[in-house]
Amino acid sequence: MKINDFKQLDGFYLDVLREVGNIGAGNAATALAKLIKKKVIMDVPNVKIMEFKEVSELMESAEKLVIGVLIKILGDLPGYILFIMEYKTARLLVDTLIEIAQNPEVASGEFSELEISAIKEVGNIVAGSYLSALSTLTGLKVQTSVPSIAIDMAGAILSVPAIEFGKVCDTVLYIETKFSEGTTNIKGDFILIPALESYEIIMKALGVGN
Amino acid sequence: MDNTIKVGMAELSALNHPGVLVTIGLGSCVGIALYDREKKVIGLAHAMLPSSLQIKNNTNTNKGKFADTAILELLDEMIRLGASRKNIIAKLAGGAQMFTFNDSSDIIRIGERNVIAAKEKLRELNIEIISEDTGGNYGRTIEFYSDDGRLVVKTLGLGTKEI
Numbered sequence: 000m001k002i003n004d005f006k007q008l009d010g011f012y013l014d015v016l017r018e019v020g021n022i023g024a025g026n027a028a029t030a031l032a033k034l035i036k037k038k039v040i041m042d043v044p045n046v047k048i049m050e051f052k053e054v055s056e057l058m059e060s061a062e063k064l065v066i067g068v069l070i071k072i073l074g075d076l077p078g079y080i081l082f083i084m085e086y087k088t089a090r091l092l093v094d095t096l097i098e099i100a101q102n103p104e105v106a107s108g109e110f111s112e113l114e115i116s117a118i119k120e121v122g123n124i125v126a127g128s129y130l131s132a133l134s135t136l137t138g139l140k141v142q143t144s145v146p147s148i149a150i151d152m153a154g155a156i157l158s159v160p161a162i163e164f165g166k167v168c169d170t171v172l173y174i175e176t177k178f179s180e181g182t183t184n185i186k187g188d189f190i191l192i193p194a195l196e197s198y199e200i201i202m203k204a205l206g207v208g209n
Numbered sequence: 000m001d002n003t004i005k006v007g008m009a010e011l012s013a014l015n016h017p018g019v020l021v022t023i024g025l026g027s028c029v030g031i032a033l034y035d036r037e038k039k040v041i042g043l044a045h046a047m048l049p050s051s052l053q054i055k056n057n058t059n060t061n062k063g064k065f066a067d068t069a070i071l072e073l074l075d076e077m078i079r080l081g082a083s084r085k086n087i088i089a090k091l092a093g094g095a096q097m098f099t100f101n102d103s104s105d106i107i108r109i110g111e112r113n114v115i116a117a118k119e120k121l122r123e124l125n126i127e128i129i130s131e132d133t134g135g136n137y138g139r140t141i142e143f144y145s146d147d148g149r150l151v152v153k154t155l156g157l158g159t160k161e162i
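As they're listed, the protein sequences go chains A and B.
Each residue of the first sequence is one higher than the last, beginning at 0 in numbering that gives the first Met the number 0.
Each residue of the second sequence is one higher than the last, beginning at 0 in numbering that gives the first Met the number 0.
Don't take every hint at face value.
[As the list claims (entries may be wrong)] Capping the alpha-carbon separation at 25 Å, the derived lysine-lysine pairs in DSS-like fashion look like this: (1) A:K52 x B:K153; (2) B:K39 x B:K62; (3) A:K166 x B:K118; (4) B:K62 x A:K166; (5) B:K5 x A:K47; (6) A:K52 x B:K118; (7) B:K62 x A:K47; (8) A:K52 x B:K5; (9) A:K87 x B:K153; (10) A:K119 x A:K87; (11) A:K166 x B:K5; (12) A:K52 x B:K62.
By construction, these hints were calculated from the structure, which means they are not laboratory data.
All chains, full assembly: derive it from the sequences and hints.
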């Protein structure tokens, strides 16, 4: 299948992508649970095809303060992975990791260098485990770049992957997964952003292309 | 003011006075604000990419996506609303670099390239850029007012300014 626009992806292909996302996210949730030593709940991935103007509202509000960890995917499946969390969530995650505080009331303030590194590392581990599942499933080889972090408005952060899609088509495809951790309420969105050619490669590797 | 229109990513919009055009969470995209000082017609584009000419197999018709086509389309819309070319001035915002990697890949420099492309197109059309707030590594929310053409730029953490 030659994909020029995500609008061409019908239900069957979306199901395949959802399943790929499901397995990858399962791995990622396990990795995250090990890291914070707590049970992490993962929602079934949502595969969305969106117009550009809808993208910035993905985190409820385009102006919401969020943390994005962007990792470049290199190798057979070029693309990006964006791990995005609300600021408050990242604070709780860091506090859980570094065990400074368990009280959500003190979950505020700026991140230190060490905490920024911790968030990057979480992004790295989560993205790495997602990709290793994808790699096992498809037999394709992938590597990742060093993660890059941004703390800013959701719309501004989400514009980065949207621009990447903008080069080749008029819609955006997100394989989105939500994580949550019961007691401290850690929630994150995990967005896989393959380059357009990667969809054909994934489908072919899974034997569903032609 | 009641007449407020939100301009989303890859969109553009023009209005007659009184009105406000708003773009929320502008990142690497460039916000191009045009104003007819006499007729008080305002236009705002939220362009994602520099040029429609640099894209291979460009079959899409979304003019708001590219800085070059967005400016031309915005001018047309404003003229339809009664603006005249000679009165129009421009203000620019956005074009940030949200993420940094150790290489100089396209996605990284896109903000800067968006701003350069918008400036080139405006120069070609003889439209004067009277102010700008571009670059940096942070997002912006912009509000463009028809009464005096002021462009309010809001950031998280770096305050609000008017250009």
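Worksheet item: Which hint numbers does the structure go against, in order from smallest to largest?
Response: The structure conflicts with no hint, since it agrees with every one listed earlier.
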